[in-house]
Amino acid sequence: MKTATPAVQTPTPRVEEFSGHAYKRRSSWDRKTLLGALPLALKKFAPRAMLHSPVMFTVLVGTIVSLLVCVGQFLTNSPQLVFSIAVTVWLALTVLFGNYSEALAEGRGKAQADSLRASRQGLTARRLSSATGLSGSEESLVAASELHQGDLVVCEAGDVIPSDGEIVEGLAMVDESAITGESAPVVRESGGDRSAVTGGTTVLSDRIVVRITAEPGSTFLDRMIALVEGAERQRTPNEIALHVLLVALTITFLVVTVALVPFSQLAGAVPSPIVLVALLVCLIPTTIGALVPAIGIAGMDRLVQHNVLATSGRAVETAGDITTLMMDKTGTITYGNRRAVEFVPAPGVDRADLVDAARLSSLADETPEGRSIVELAEEQGASPEQGQPTLEDLSAGSDPAEAVEFSAATRMSGLDHGGVKVRKGASSAVGAWAEEAGAALPPAVSATVEELSRRGSTPLVVARAGALGGVSVLGTVELADVVKPGIADRFAALRGMGIRTVMITGDNPLTAAAIAAQAGVDDYLAEATPEDKLARIHSEQAEGRLVAMTGDGTNDAPALAAADVGVAMNSGTQAAKEAANMVDLDSDPTKLLDIVAIGKQLLITRGSLTTFSVANDVAKYFAIIPALFAAVYPGLGLLNVMGLHSPESAILSAVIFNALVIVALVPLALKGVKYRAVSAQNALRRNLLWFGVGGLIAPFIGIKLIDLLVAVLPGIS
Amino acid sequence: MKYSWWSYGTQMAILLVLLGVAHRPLGMYLHWVVEGAVLEGKAGEGTRQNRVERVLFRMAGVSPEREQNWLGYARGVLAFSILSVLVVFLAMRLQALFSTEGLGAVDPWTAMNTAISFVTNTNWQVYTPETTVGIAVQMVLLAVQNFLSAAVGICVAVAFMRGLTRAGTDRLGNFWKDLVRISLRFLLPLAAVSAVLLIVAGVVQNFWATPVHNPYTGAAQVVPGGPVASQEAIKLLGTNGGGYFNANSAHPLENPNSFTNLFEVFLLLVIPSVLPWVFGRMARDARQGYTVLGVMGSLWLLTSTAMAWALAAYPGLGEGMEQRLGPAASGVFATATTLTSTGAVNAAHDSLPPLAGGVALFDMMLGEVAPGGVGSGLYGILVLAIVTVFLAGLMVGRTPEYLGKKVQAKHMTLTALYLLVVPIVVLVLTGIAVMIPGVLSQASAQGPHQFSEMLYAFTSAANNNGSAFGGITSSGPALSTMLGIAMWLGRFVGIVLILALAGAFVTQAVVPKSAGTLPTHGGLFAIMFGTVTVLLTALNYLPALALGPLAEGILK
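Going down the list, the protein sequences come from chains A and B. Heads up: the first sequence is residues 1 to 717, going by full-length UniProt numbering. Heads up: the second sequence is residues 1 to 556, going by full-length UniProt numbering.
Think of the hints as simulated: they come from the structure by calculation, not from any bench. Keep in mind that this is a model prediction, so the values were computed, not measured. Glycine residues also receive a C-beta, built at the ideal position from the N, C-alpha and C atoms. Accuracy of the hints is not assured; some may be wrong.
Said to hold, decoys possible - Anything over 12 Å on all C-beta distances counts as not near chain B; from chain A, calculated:
#, residue
1, SER190
2, THR367
3, SER395
4, SER398
5, GLY466
6, GLY635
Said to hold, decoys possible - Just so you have them, the derived chain A footprint on chain B, three or more residues with Cβ under 8 Å:
#, segment
7, 70-83
8, 515-523
Throw the hints in and build the complete structure from the sequences for me.
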């Protein structure tokens, strides 16, 4: 049996992303990737492979045409030969650069896919012969690829889990680094929401029995490999729409170029086929046409780098359109456990007394709530520095303190020391304790408790029994759900982008309202049942909104499936993962913010480069039209605003610029145009300035500079 | 002749004020005509039919309240237009049977070309009206087509606006109802009022020629007459442009003085610039309409100024200019007429300085969108708005949407096809025409101007403008047919695509607005919108323009 493979990812620097989370980012510029993409780029020259991009296919056909012209000119010993060869070479390079960008984007995923595949190779499984009896059935060793849905397999410490499944028996520590890149092991156990295990991960301890839930070839690992390799890449709706525009532009320019033949015949200056091909290639949107596949693949790759797996590119794009985010309160908006926020002393009790007692009652309490009480008390002056005893102080000496742990019977916890008993607990429990000793809960304390409950906080009452007996109720500690710092700002940023946030919680409406106000969400859904969530999604969608939601439980599955973008936590159940169209391997609900940003970035990159590509044409006209016709109509030389050296150098420079700009923009296509959470108006202003105005100006400069170099080439001037 | 910038500025200022004053009340009225029930608390009031309409609907067997989907609407437009072509063609062929002037049958090629020309709102005139068609043909056929082709344009624009602003239905309205209401309630009263104003200002309106004696020489002379003012009003209002006389608005009986000249320019601009306001009303967001109007207006001001510059900078200005009113009046008229698909002229465009002719060509190449033909200008520019929205939407990271309607692959396909049709028709047919020596020689000039004449003819025909570089003789089977094809394709392929696009949008739900929605109003969007419009035109036509007017105009 094969044992655990080391984690796929090597440690890499972490980069702060939009959500404030740090993610691993692999460099795409190592030499191996850059060189490795070359053979693939050459392979993509096959006309069949080129057909999927009509723009680049047109360039390929143009290249072949000019190649034939070159042959003809060679045979007739034409003086134009050097120029023709130069143009042809650069046309071929244009195609190559386009293919290379795509190959490079694919190559990044390929390396990851290879190591994923390696982690699975030769995997075997210990299949239990009977699907009914867990104990006493016989084991047999089979290849992982022979496992089918419903099979039961046993995994023990050191085993690699052979396929996706659900634990039906046992509990184990599992190393999921092969999938998630996270080295800290996680606990997986039968029953509940943490029962799902993924093929390719490694059991570190104990023994579990797993019921296989995936057929061979459709496991999580298979999907991940297909995804990072781009094998299942289909055009997304938006890509198709863009494609239509690009094809239309190509057809227009084809007609423009062909019509130039009869038009110029009248002037007695028909351009040579090479020049016409050069003009056509310069005019059609080659920049964006070459980079569209790379942009799409890079977008998916960016998602994978954020440890999110999407089932399709479509889901990524949809993420950019999301207008409503539905988020669970716990874990996303709040820390998920309650923390002490305030001490309310009973009438006649000194505040410091309550703080001390509350601290003492919690010193031995290791729950997050207990620790938060100690922290708050120490913040308010009851710290060891201020002379308060620590647990060690109290435990030392002849009369060590005795911790009283929470029990279902007493429903209180606390500390006994030197005959003094300090307790904290729910008001009913503490009240009962006090009554036993003949005391009672003061009405003011009861009122506070009611008030706090109404506000959505959890009140804990603190009481003390002296060495002589008799219980005094000291006051109340307020425990509240604490909203994560900075979350309100993040929601405000989302609002600026036009995204409404809806908080989902099982809390009562009052509590929900209080937290919603604190976190700054736009709306909340209190006491939410799975049906409520589903209904809410449907009602949002009926109003034309696109909804994203996160979830992990089986009961979230319908809502995840109904949402336009459903993100399941990897820690969640198999049902949730299957219903969702994305899985977050880090199980971090705030990841949704990054997913939205990636989706938007994808569209922005596409739109910006299209604008750039089209805007470029203006300068190319100014280069080529005077080059074509200034000989017959000298007045048109006025259009040669760049002062290009000669007609040949002008045309060649435009072609070279056209090819080089693809290479220059590859990093941008792979990295994506920087996305900022600003309003649509501001985003447009910014990108229009950079890519629209920049696209108008840049080629004037670029073509002029190239012309200065080309002009010195022998055979051109 | 000296060019007067002062005169230019005054005319433009007066036009701006007049259009500014007129567009809102006329827009409200047109909105009521097409949508009915805008007066609060009187729902359904406006949709009641009057007696004439009831009779018309009953005769045609149409139930006006049954709305059509895009296919039904398109079928209505096409059936009506094909029928119109046949009627005009046959009547011109049979003119000998009813002409009181003793005019005979019109040449079949001329009749075919003219029938298509008037039904497509082009009003390209192969014929010389004075010698070819009598009062009956002018009034009963051509003037009626002036109303109907204009109404069809407005119908399609209204259907398209409904497509963008309605949701959850596939109905775009009833073509027959729209056609009748727009013709009878909007165009007819407007034309009647305008005709009266023209008569008051001195445009002739009678049914006979007037024999006169020259008071100085005593020679006998016949001054032609006819129902000119009534034709003139709809010729301009409907952006038709077919003149009662061959000289069109350069004829003193069509356009006697500087008041009528400016009034005629106002008339040809007014409906196209009212429609954006209606659009804003239908979108329930006046800013949408004003943004469209702003882009149209800016392009009008820019090209008018370019025209003025081209005229002012030309040494030896004079030939072909409106002699009585000065070159500034010719420039204002020439820009307005080429930007609106009207094609009426008060100067000989063929004799414009080369660059001024180039501006006139470019105006038409914009696709007749600034403000464009009645109806066609609005839907034409909205298509460009969709392209702008697509690019801008991507640049802000959202699936692009216009008025809450997502622009997806099927919409882009129809949009792209619409934008492809006219340039392809112009470039391919011009290319074919210059390759056939017999056809090429019908353009009388030599060198680049000969090419300009041919390019102008096909640009004018495919964009349904109708003005011409007069040096071209467009009669004869080959050129008449090619121009007829250009006019028909330019008009009706576009209309079918527009209605299909409306049909694709109308069924879509509306995405609610948010801060992430790209605003399709305001300066930034308008600047991009205008730039996209100019850029697409320039990219399509720059090589052709370089070989025509630019080659002619930039001399070294």
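Verification of the supplied hints:
1. The non-interface label for A/SER190 is consistent with chain B: the shortest C-beta to C-beta separation is roughly 43 Å, beyond 12 Å.
2. No beta-carbon of chain B is positioned within 12 Å of the beta-carbon of A/THR367; the least distance is around 42 Å.
3. No beta-carbon of chain B is positioned within 12 Å of the beta-carbon of A/SER395; the least distance is around 58 Å.
4. Listed as outside the interface, A/SER398 is consistent with that label: its C-beta sits roughly 68 Å from the nearest C-beta of chain B, beyond the 12 Å cut-off.
5. The Cβ of A/GLY466 lies farther than 12 Å from every Cβ of chain B, with a closest approach of about 61 Å, so its non-interface assignment holds.
6. Consistency note on A/GLY635: stated as away from chain B, yet its beta-carbon is not over 12 Å from all of that chain's, at 4 Å minimum.
7. Restraint check on the segment 70-83 of chain B versus chain A: 0 residues with Cβ-Cβ distances below 8 Å, three needed, restraint violated.
8. Given a C-beta distance limit of less than 8 Å, the hint that chain A covers the segment 515-523 of chain B holds, as 6 residues qualify and 3 suffice.
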